[in-house]
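Undergrad: The lines below spell out each chain.
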Amino acid sequence: MNIKSTIAAINQMQADGVIERYAIGGAVGATFYLEPVATLDVDVFITFRPEAGSLLATAQPVFDYLKARGGRMEGEYIVVAGWPVQFLPAASPLVEEALAQAVEKDVAGMSARVFTAEHLAAIALQTGRAKDKARLLQFIETGALDPARFHAIISRHGLLEAWKRFEKQFLGDTP
Amino acid sequence: MTFDLAKILRSKREFRQRLAARPIEEKLAMLDALRERALALRPTRSALETGTLHEEPPPYRGQGGQSR
Chain A
1 MNIKSTIAAI NQMQADGVIE RYAIGGAVGA TFYLEPVATL DVDVFITFRP EAGSLLATAQ
61 PVFDYLKARG GRMEGEYIVV AGWPVQFLPA ASPLVEEALA QAVEKDVAGM SARVFTAEHL
121 AAIALQTGRA KDKARLLQFI ETGALDPARF HAIISRHGLL EAWKRFEKQF LGDTP
Chain B
176 MTFDLAKILR SKREFRQRLA ARPIEEKLAM LDALRERALA LRPTRSALET GTLHEEPPPY
236 RGQGGQSR
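Quick mapping for you: the protein sequence lines, in order, are chains A and B. Our numbering applies: residue 1 is where the first sequence begins, and numbers increase by one. Our numbering applies: residue 176 is where the second sequence begins, and numbers increase by one.
Excised from the complex, chain A in its bound form (with noise of 0.2 Å):
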């Protein structure tokens, strides 16, 4: 079990050219700017190329690639070096930035694709699970975000609603 492998098949995937574009997402992503928080699976957001002779992009080349190489498939998910990866696509406007906008992290030497900070938390505040408004607050007091950009991002995607009510429950006797 080694997720910097998982990484690499990823990275080997897009050099292949079988995905235009991936981001690392959930707790994994967010383990780039806060602590280790223990997951089970790995999100990663891809841009779904659509088959030859077909208009529909489904995640088959990809599912059929990492299989060829040694993966397995556990339901939607596929297991790649002992983790269980679910591709997702980038299925609204907000993941469809972070996406876009997603940064190059060095994992000593290796790249990785990752969501911004800004977007991890504008993400965390729009699916709003308890552990995401964990995330969320972990976000916060470990200063990871520049509330600016944070605020455009919530303010462009219509969550300065969910940001109120995030803000009066959880930082309201903050100091």
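If you're looking for bench data, these hints aren't it; they were derived computationally from the structure. Keep in mind that the hints are not guaranteed to be accurate.
Result set (DSS-like, lysine-lysine): computed pairs, CA atoms no more than 25 Å apart in a straight line [said to hold, decoys possible]:
id : chain 1 : residue 1 : chain 2 : residue 2
1  : A       : 133       : B       : 182
2  : B       : 187       : A       : 133
3  : A       : 131       : B       : 187
4  : A       : 4         : A       : 105
5  : A       : 4         : A       : 67
6  : A       : 168       : B       : 187
Estimated spans, in silico, between C-beta atoms of each pair [claimed, not checked]:
id : chain 1 : residue 1 : chain 2 : residue 2 : range
7  : B       : 183       : A       : 69        : 40 to 50 Å
8  : B       : 176       : A       : 111       : 37 to 47 Å
9  : B       : 184       : A       : 76        : 38 to 48 Å
10 : B       : 215       : A       : 96        : 36 to 46 Å
11 : A       : 100       : B       : 178       : 45 to 55 Å
12 : B       : 176       : A       : 141       : 22 to 32 Å
In this text, all values refer to a predicted model and were calculated from it rather than measured experimentally. Cβ coordinates follow ideal geometry from the N, Cα and C atoms, glycine included.
Go by the hints and put chain B onto chain A.
TA: Coordinates of chain B only, in the frame set by chain A:
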């Protein structure tokens, strides 16, 4: 040892910030270790059957604001 809650919380926050500042390679290795531990602690029927545990993905929805 202290029972000063403010001091405890400050200390926890500082520890988390030190962890967050570790090199990414080290933090990714921690993720590997944390996942192994989670697998050991959370055996479920599906895990026993497949050897793999995973989480429900978050609802990456298109509509902003409302979480539920």
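Undergrad: Taking the hints in turn, state whether each one holds.
TA: For each hint, the structure was consulted:
At most 25 Å may separate the alpha-carbon atoms for a hinted pair to count; residue 133(A) and residue 182(B) meet this at roughly 24 Å. A hinted pair counts as satisfied when its Cα atoms are at most 25 Å apart, and residue 187(B) with residue 133(A) qualifies at roughly 19 Å. As the CA atoms of residue 131(A) and residue 187(B) are separated by approximately 19 Å, the hinted pair is consistent with the 25 Å bound. For the proposed pair residue 4(A) and residue 105(A), the alpha carbon gap of about 12 Å is at most 25 Å, so the pair holds.
As the CA atoms of residue 4(A) and residue 67(A) are separated by approximately 18 Å, the hinted pair is consistent with the 25 Å bound. At roughly 23 Å between alpha-carbon atoms, residue 168(A) and residue 187(B) fall within 25 Å of each other, so this suggested pair holds. Between residue 183(B) and residue 69(A) the CB atoms are about 48 Å apart, so this pair conforms to the stated range of 40 to 50 Å. Look at residue 176(B) against residue 111(A): about 45 Å separates their beta carbons, and that is inside 37 to 47 Å.
Range check, residue 184(B) to residue 76(A): Cβ separation about 39 Å, and the 38 to 48 Å hint holds. For residue 215(B) and residue 96(A), the Cβ-Cβ distance of about 38 Å falls inside the hinted range of 36 to 46 Å, so the restraint holds. For residue 100(A) and residue 178(B), the hinted distance range of 45 to 55 Å is satisfied, since their beta carbons lie about 50 Å from each other. Separation of residue 176(B) from residue 141(A) is about 24 Å and conforms to the stated range, judged on CB atoms against 22 to 32 Å.
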